[in-house]
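Colleague: All chains, please: the whole structure from these sequences, using the hints.
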Amino acid sequence: MKPHGVKLGFAALCAGLLLPLLAGAHAHLQAAQPADGSVITAAPDKFLLSFSEAAQLTSLSLLKAGVPEPQKIDAPPAAASTQISIAAPPLKPGSYELRYRVLSADGHIISGSIHFTIANP
Amino acid sequence: MNPDALAIAVRALALICLYQAAGAAFFVALFKRHSPLVLERVCRLGALTAVIGIVLVLLLPPLDAARMAGDFAGARDAALLRLALRSSRGDAHGWQLAGLTLVAVGLWFHRANGVAVWTLSIAVTGAALAAVALTLTGHTSVNPMRAWLAPLLAVHLLVAAFWFGALWPLWLMLRHETAAAAEVVLRRFSRIAIWLVPCIALAGLGMGFVLIDSWDTFKRPYGLILIAKAAVFALLLVLAALNRWRLTPALGAARNALRRSIITEYLLIAGVLAMTAALTSLYSPEH
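Sequence lines, in order, name chains A and B. Heads up: the first sequence begins at 8 in the working numbering, then just goes up one per residue. Heads up: the second sequence begins at 3 in the working numbering, then just goes up one per residue.
Any given hint could turn out to be false.
Among chain B residues calculated to face chain A with C-beta under 10 Å, some are [what the hints assert, rightly or not]: (1) Ala9; (2) Leu85; (3) Thr282; (4) Ser283.
Treat the hints as calculated values from the structure; they're not laboratory data. We put the beta carbon where it would ideally sit given N, CA and C, even for glycine.
Modeller: Right, here's the structure in full:
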């Protein structure tokens with residue numbers, strides 16, 4: 008490589024090293040309502056998910072024990088937040104699994120689920 | 003197959019192509035004068051892997067949208083696709099595409115005219131951008147210690163690209179160049195690698211020191227994959243030492259053994275890149 012080529016190569020490497028500094032957390036679920044593993048006597052009117060960092064809900068579905076296909080829950084588009092609240096559909100007594108997927112600020116797609124049971128009144 | 007598994011597989015292949023293409027550009031810049039017989043082959047290898055890398059990186063936003071939805075129908079959801087493109091991961095994909103395009107164009111034209119400095123400068127610039135694009139996303143990108151973590155990760159990625167990307171060209175040299183020419187390049191490569199490769203471990207240790215705040219991390223998938231990466235890295239150092247001090251000095255008789263050793267090294271690093279794809283897709287130090 009000729010001398011000015013070396014300079015260009017060095018400049019390119021510097022550009023590569025500086026690129027990371029141009030950019031702007033990994034969220035995990037801290038709490039939920041209904042809580043994971045809880046047994047409740049009244050059907051919830053909403054689901055509340057609390058994350059350690061701001062996250063954007065991208066998918067939510069509810070699977071009832073004994074039912075093969077999960078029910079997709081449509082959530083209105085919302086900005087990233089540490090608290091995500093979604094209206095719950097009418098629910099009958101039974102065991103449920105609430106499955107969620109969120110996009111966290113660091114670009115990670117995080118999935119998880121919460122199990123709860125609605126007991127007969 | 004669920005979207006998570008397919009996304010990890012595509013991301014792993016994209017990383018392998020990206021680091022091969024970037025490393026080929028670095029190899030040509032550093033060793034072109036000593037490898038005239040394989041220069042065109044290495045340029046072609048770099049340009050081809052850059053093009054394959056571009057195709058694979060283009061698949062990642064739809065796959066991320068599918069992962070967001072939890073099923074492949076998400077890949078056609080305009081809102082999720084927009085979210086995937088506007089996320090920090092989308093930024094990284096954009097820089098990877100820009101870098102790979104520069105590598106493909108630069109090396110393709112350098113192949114045809116091996117003396118033009120501008121073509122090589124374009125390729126090296128693209129290689130550097132593509133290699134460090136991952137610093138724009140992931141655990142380090144939002145950490146309060148980002149000012150320290152980003153340069154450490156950049157060094158980690160650039161040296162990894164230099165090391166991994168040089169192995170295939172070195173194998174080509176052992177196949178097509180004379181023993182004397184191959185030995186010159188192998189010795190020069192070793193002289194550089196002996197200083198640079200430890201930087202991978204040092205940068206990794208520095209990042210681990212900041213990111214990992216509990217020994218419990220090593221009981222979780224993130225920590226276990228890190229341990230696996232460190233174990234493979236140690237094995238790679240043993241192979242590199244064997245190449246440097248046993249096989250290269252006896253190149254005349256050990257040419258085939260050295261080629262086999264380089265193939266093993268290549269496959270092991272490809273495995274580490276696949277582990278990195280899983281690590282950066284699914285896990286964080288916290289869980």
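Colleague: Next, verify each hint and record whether it holds.
Modeller: Hints versus structure:
no. : hint   : verdict
1   : Ala9   : holds (9 Å)
2   : Leu85  : holds (6 Å)
3   : Thr282 : holds (8 Å)
4   : Ser283 : holds (8 Å)
In the structure shown, no violation is registered for any of the earlier numbered hints.
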